[in-house]
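Chains as they are written, first to last, in full-length UniProt numbering: chain A, 1 to 195; chain B, 1 to 195.
The set of hints was computed from the structure by calculation and includes no laboratory data.
One or more of the hints may lead you astray.
No copy labels: a pair is met if it fits in one copy or bridges any two.
[What the hints assert, rightly or not] With a straight-line Cα cutoff of 35 Å, these simulated DSBU-like cross-link-like pairs (lysine-lysine) come out:
id: 1; residue 1: Lys116; residue 2: Lys7
id: 2; residue 1: Lys13; residue 2: Lys2
id: 3; residue 1: Lys189; residue 2: Lys111
id: 4; residue 1: Lys111; residue 2: Lys2
id: 5; residue 1: Lys111; residue 2: Lys13
Treat the numbers as computed from the prediction; the structure is a model and nothing was measured.
Protein chains: 2
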Amino acid sequence: MKQLQEKIMQDGKVLSDEVLKVDTFLNHQIDPELMKAIGEEFAERFKDSGVTKVLTIESSGIAPAMMTGLMLAVPVIFARKRKSLTMTDNLLTASVHSYTKNETNEISVSKDFLEKGDKVLLIDDFLANGQVVLGLQDIIEQAEADLVGVGIVIEKGFQPGGTTIREKSIRVESLAIIESLQNGQVKFKEEGTAL
Amino acid sequence: MKQLQEKIMQDGKVLSDEVLKVDTFLNHQIDPELMKAIGEEFAERFKDSGVTKVLTIESSGIAPAMMTGLMLAVPVIFARKRKSLTMTDNLLTASVHSYTKNETNEISVSKDFLEKGDKVLLIDDFLANGQVVLGLQDIIEQAEADLVGVGIVIEKGFQPGGTTIREKSIRVESLAIIESLQNGQVKFKEEGTAL
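Please put together the full structure from these sequences, using the hints given.
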């Protein structure tokens, strides 16, 4: 997605060979017009998948997921990393390990919102090791719903998540795939080329 | 806002005299069309305030804040409850006490995104004791920006936050004000009547 790549080039900061900071438009400050364009793009790519629910995880996934849900006219659910006051015991849960933080967290979704037969589109801001996607997939399976695909705003193509998930025959649509962050430079994988 | 009141009556669950569960459309599952209508309503109410930034806090404030920012064509910032990997030491912080959880948390916003002279509209899902609004106001003052108003989706009119904030001459626009939750019934304050 050209508009997103340009925004990354313009505003993204390479903090190390593995870390790209995009908090000017995606995960601290949000650019609403860009989120709308991202939602339109995901909706276009998954328009024939019969999506009934968009699922994401708090917090940075919420903005792109909500715009996607708006464009597809379906509800959006965000998984919780911490239980909220009004979340009772009617939960689907999975464990997600974060390699960057070196901690394992339980994520949860109320059983009320994922049903057998739901066709679920996962949306997240980043794909790195794929642990969040695998955790959400686990929750979708517990609900006997179907995962129809994964929409990622920025995929770190030099980390294993994309390969792990595609090897499970899950459709992954990443709007920007970063091939490397070496020497402080963002290098994109061109669309249509193999990783 | 009639559409919101109807949604609360239809889908809200009164868990106690103080707790209303609205996780079918606001803070776990999100109704994107309703969020769009909420964003339009806030934008209409604050259209003459010269808003340059919308500020909220993760996670449940993000959806209504983003739709408001989209309608006003300004960036949205969400304060963090936990520091993220890429948040370095360039932060504005404030302490926020949660009476419901009986814990005090530090919230933070990067100095990069709030500037002197910014006209900031705060958006949040709930107003109860007002501690989040006061914490965000503290951060806005640290940045030497101006708080032009507060937009709340659901105000608990029987808790003191609304009074506390209005007494500081801050404009508060709540789309639904709940007068009481007694006997399992949601009772709204009618618009235009004093609390």
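Comparing the hints with the structure gives:
Taking the shortest alpha-carbon separations for Lys116 and Lys7, only the inter-copy value of 25 Å comes in at or below 35 Å, while the best intra-copy value is 39 Å. For the identical chains of this complex, Lys13 and Lys2 are intra-copy neighbours only, at 18 Å inside a copy versus 44 Å across copies, given an alpha-carbon limit of 35 Å. Taking the shortest alpha-carbon separations for Lys189 and Lys111, only the inter-copy value of 32 Å comes in at or below 35 Å, while the best intra-copy value is 38 Å. With identical chains, the CA atoms of Lys111 and Lys2 are at most 35 Å apart between copies only, with a shortest distance of 29 Å across copies and 38 Å within one.
Proximity of Lys111 to Lys13 under the C-alpha cut-off of 35 Å is restricted to the inter-copy arrangement: shortest distance 16 Å between copies versus 39 Å within a copy.
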